[in-house]
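Peer 1: Protein chains in written order, with the UniProt record's numbering: chain A, 1 to 326; chain B, 1 to 293.
Worth flagging that the hints you see were computed from the coordinates, not collected in a lab. You may find that some hints are simply not true.
To be verified - Reference listing, derived: stretches of chain A covered by chain B, where coverage requires no fewer than 3 residues with Cβ under 8 Å from a Cβ of chain B:
1) 48-58
2) 76-89
3) 101-112
4) 184-190
5) 231-239
6) 317-325
Said to hold, decoys possible - Label pairs and their computed distance ranges (CB to CB):
7) A:PRO242 x B:ARG109: 54 to 62 Å
8) B:TRP72 x A:VAL304: 41 to 49 Å
9) B:SER51 x A:PRO238: 40 to 48 Å
10) A:PRO238 x B:TRP72: 29 to 37 Å
11) A:VAL304 x B:LYS63: 52 to 60 Å
12) A:ILE109 x B:VAL21: 47 to 55 Å
13) B:PRO166 x A:LYS251: 34 to 42 Å
14) A:VAL304 x B:ILE273: 43 to 51 Å
15) A:PHE29 x B:LEU165: 35 to 43 Å
16) B:ILE273 x A:PHE29: 23 to 31 Å
Predicted model only: the values in this text are computed from it and were never measured. All residues carry an ideal CB built from backbone N, CA and C; glycine is no exception.
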Amino acid sequence: MNEETIGVTSVQPIQPAAARKHRSGELSFIGFVRKNNALYVMLIPVFLYFITFKYVPLLGSIIAFKDYNIFDGFIKSKWVGFQWFELMYTNPQYVRLVKNTLLISLYQIVFSFPAPIILACLLNEVRQMALKRSVQTVLYLPHFLSWTLVYGLAYMMLSEQSGLVNDMFKGLGLPTFDFLQSPSAFRSVVVSAGIWKEMGWSTIIFLAALSGISPSLYEAAKMDGAGRWKQFQYVTLPGLLPAITILLLLKIGNVMDVGFEQVYIFLSPITYEVGEILDTYAYRLGIMNGQFSITTAIGLFKSVIGFVLLVGANKISKSTTGESLF
Amino acid sequence: MKIKRSMGEKSFDAFNITLLVIMSLLALLPLLHVVAGSFSSNNALIQSRVSFWPVEPTLQQFKYVAANDSFWRAGWMTVKVVVIATTLNMVLTIVGSYPLSKSYLRGRRGIMLFIIFTLVFQAPLIPTYLVVKELHLINSMWALIVPGAISAFNMILCITFFRNLPEELFDAAKVDGMNDYRIVWQIVVPLSKPIMVTLLLFYAVGHWNSYFAPLLYINDRHLQTLQMYIYFLIAAGSSNDIAAAVAGDTGGKLLPKALEMATIVLATTPIVILYPFLQKHFVKGATLGSVKE
């Protein structure tokens, strides 16, 4: 059947008049829908899904302005205005949550973001294809492990009583250090684990950008006497810049989204002080303690900040580098 | 002609290769350590004699994990969720993307905006949770499937791919009397292998690895997934379940650590086995959506 239709196309590529017609806008909207009802039927599940699980919850966010209780539901609960938001601004605990979120995010922008770029550039300079392939294969693997497994591995390496690293410290006569339970190390450990898991995988996008750079540019640079460093400086780096800018913009827009799974698995009561972020707090307070309104306010606050940052960063980038998301 | 390489270049190459090899080792060593530990005896583990090679090899801990009902129950639950959820994901994404790939579809712009809007403005956690609760999905396998039935991002990927299929093909099919439903299954899907494989893998790995959704929606221990099982075993430190089973059998001779290692290894095995087959598709998929210029 399939081959048959393809055959028809090649023999007679012109004038499928019946199909062309509805593209030129001769039919009324109702007529179009009636003629192409299958297309709209196929969209019904999509509508149902997005309305139920995206739009209804978005509207449900009004409980951030209400004193929600389960018996009264979304609609009947009492309005309280900005009470929850005011509580957020004034309570030092929330200031701490915002601070933790921003700090971990900043760590990610400073350390996790450039790591794959540097790695991609290094890989790009490797001439031995076999070596390049094997390094890539190994470095992509951690991406496919879940956060629970990554935590398991971190635990086996870093825990104070039985971790391999501390065993080695003991062997060398050094004092042991509890990487997983000490507040001073928490952010570094979480961010490092993120780099371990995603660094290799994130290079893919940059390697693709690198392979898109025209070889003639390198030839020209060589003719002009550019060594490898100069080639990197004047060909490779400018070639990567669009990809870097776009991804950085996205990261800035998601500054408040540090990654629930990544942080929550490493958290323990000892590290709440430095590691509790808005998302994990919303989970603990909202789901486990049923404080629905205040945690929704946190969520809304987060989205608004993210949106404002995204628009702002996009504007700055548009005027300075010419690259933009929208 | 032989390309001359300067001293500086040579030393850079040497440095570069060394650095990359070190990074690869750093990526592998934690895995090797756990594999080594899982095959080592309790004594060797207690005395911290295990680094990257099994010491006094034994399969004891694997036997206990393998004899543990809740481990297999969690594994089976995970397989069920991955299979059902991924199938639903694929069907809905393909069927929904096809109409939206038609530039002549009336109302297309509006519908696209309707979808993209949800990427920019994401609903907070609690209202989403309350909707799932209102639908009585809490503590049911469906809570892990239905709320994630479509990913807007994957759908946009799919639409972009479909748009590049030649419209003449569809015209011809229509002349032959095919309706849109048959076109999707008999023309679009077979012609879109790269995006199909990519979506399949993205969705499946996402479901396999997730622990947030189960944590959020499942309280019943009988319904826990593998990731939750590992979470409770290691992160939450409540390995009672497995430890009790062991104590009953051996008088508590096995270390929790040995069992945790064996569990990690068993839970990672499917991924490591599938990984070589998946890798090339994944690489294709990851660039499919990103480089559009």
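Peer 1: Each hint needs a verdict: does it hold in this structure or not?
Peer 2: A quick look at each hint next to the structure:
| no. | hint | verdict |
| --- | --- | --- |
| 1 | 48-58 | holds (count 9) |
| 2 | 76-89 | violated (count 0) |
| 3 | 101-112 | violated (count 0) |
| 4 | 184-190 | violated (count 0) |
| 5 | 231-239 | violated (count 0) |
| 6 | 317-325 | violated (count 0) |
| 7 | A:PRO242 x B:ARG109: 54 to 62 Å | violated (26 Å) |
| 8 | B:TRP72 x A:VAL304: 41 to 49 Å | holds (45 Å) |
| 9 | B:SER51 x A:PRO238: 40 to 48 Å | holds (45 Å) |
| 10 | A:PRO238 x B:TRP72: 29 to 37 Å | violated (55 Å) |
| 11 | A:VAL304 x B:LYS63: 52 to 60 Å | holds (54 Å) |
| 12 | A:ILE109 x B:VAL21: 47 to 55 Å | violated (28 Å) |
| 13 | B:PRO166 x A:LYS251: 34 to 42 Å | holds (37 Å) |
| 14 | A:VAL304 x B:ILE273: 43 to 51 Å | holds (45 Å) |
| 15 | A:PHE29 x B:LEU165: 35 to 43 Å | violated (25 Å) |
| 16 | B:ILE273 x A:PHE29: 23 to 31 Å | violated (53 Å) |
Violation of the numbered hints given earlier is confined to hints 2, 3, 4, 5, 6, 7, 10, 12, 15 and 16; the remaining hints are satisfied by the structure.
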